[in-house]
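Trainee: Here is how the chains run, residue by residue.
Number of protein chains: 4
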Amino acid sequence: MSDDLELEDCIDACDDCASICLESLTGHCLPAGGKHVEPRHVILMLDCVDLCRTTADFMRRGSPNHARLCAACADICDACAESCAKLDDMEECVEACRDCAESCREMASAAA
Amino acid sequence: MSDDLELEDCIDACDDCASICLESLTGHCLPAGGKHVEPRHVILMLDCVDLCRTTADFMRRGSPNHARLCAACADICDACAESCAKLDDMEECVEACRDCAESCREMASAAA
Amino acid sequence: MSDDLELEDCIDACDDCASICLESLTGHCLPAGGKHVEPRHVILMLDCVDLCRTTADFMRRGSPNHARLCAACADICDACAESCAKLDDMEECVEACRDCAESCREMASAAA
Amino acid sequence: MSDDLELEDCIDACDDCASICLESLTGHCLPAGGKHVEPRHVILMLDCVDLCRTTADFMRRGSPNHARLCAACADICDACAESCAKLDDMEECVEACRDCAESCREMASAAA
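Protein chains in written order, with the numbering used here: chain A, 1 to 112; chain B, 1 to 112; chain C, 1 to 112; chain D, 1 to 112.
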């Protein structure tokens, strides 16, 4: 796969992860309450949304520093996936976070 | 200095850096033209604005992952400072980037 | 007061409102639980944070469209202040939202 | 078309417009130079990227205030389309801005 295709795939994975996490937070976690609104979980979801957006924009700009962001994004997505996996009905979010973490990790190592 | 004061200082440094870089980009670099609007420089300025914002918000949320972001932010601020230092009349921007890099690096190492 | 001073004041009011709302959401509302984490309230807080940031950045860029954003921002800050005023211990957030709404409304009408 | 489908379409139009404008700015306007990097044009492009993102997130959160943002977003997208239409090789950007403006305007009037 060419470098440009890998970049496009990683941008898509970040966009999907940010969108799904934000929609899940407000459409599922907040209405569910209980463990779904524990501070640590909500904070991780917001961290994940913000960093996926920022990382995707570094790639869209063709930034020379995008790999640095991809490495950080992979770690935060992993942490978010782990937090979501402990809660009911968050499979879509877990999958989006794991896909994004994997894609970002490849992007980070390709540039290293 | 207490941990909370250090955190507040780092949030302020990130906020200042983001604001000054965005105002310099649109109020100084774009009107100046020439080397001030070379793609690599403008992209670095936009990278710096975005990541300083994201990093400050991780700290505002009390995120357990804020040190990870601070480490990345320090590197991008260094790169932006270096790019600005080669151009005329960007001393304020250089200083804000260097202050932010230093504060973020301390925050990152304190949490390590 | 000169136009530039008014603009600086409005940027500051937007920055303060965004920062205080985000810190209150994660530092007060989420730990408090109950009515503080009802979906409508949390969504309004996140709306307010996002739009205050966006509006401040339009002003920082010297955008010809900043008054359009200030008008919208004033309305969302009013709605957020109203939501916060019904909850315990959110006086700081109410005040920041009302200050920002007032400042944005002046900026919007000055440019009309 | 159901309300949910309209909402999804408008979110997609905002996402596309933000992505295409940011990629065009850094991948086409900055390398092209000249009129493509005039302050007013670059500022409008950045305004458009920011507001499309913010508007899409209001819709993703199911915010009761999303129509207010859609109305503002339509106006800024129109202004950006007009600025891009005067420059060479920006057809994709013009089209994305016009599509987004139309979709946002429908969303704003549907909620009025």
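Simulated from the structure, these hints should not be mistaken for laboratory data. Honestly, I wouldn't trust all of these hints.
One copy or any two copies: either way a pair holds, since identical chains are not told apart in the list.
[To be verified] SDA-like mimics (lysine to any residue), calculated; alpha carbons at most 20 Å apart, straight line:
| id | residue 1 | residue 2 |
| --- | --- | --- |
| 1 | K35 | G62 |
| 2 | K86 | A111 |
| 3 | K86 | L5 |
| 4 | K86 | D4 |
| 5 | K86 | M59 |
| 6 | K86 | N65 |
Trainee: For each hint, tell me whether it holds in the structure or not.
Mentor: For each hint, the structure was consulted:
no.: 1; hint: K35 / G62; result: between (39 Å within a copy, 18 Å between copies)
no.: 2; hint: K86 / A111; result: neither (33 Å within a copy, 26 Å between copies)
no.: 3; hint: K86 / L5; result: neither (33 Å within a copy, 31 Å between copies)
no.: 4; hint: K86 / D4; result: neither (35 Å within a copy, 29 Å between copies)
no.: 5; hint: K86 / M59; result: neither (31 Å within a copy, 25 Å between copies)
no.: 6; hint: K86 / N65; result: between (33 Å within a copy, 19 Å between copies)
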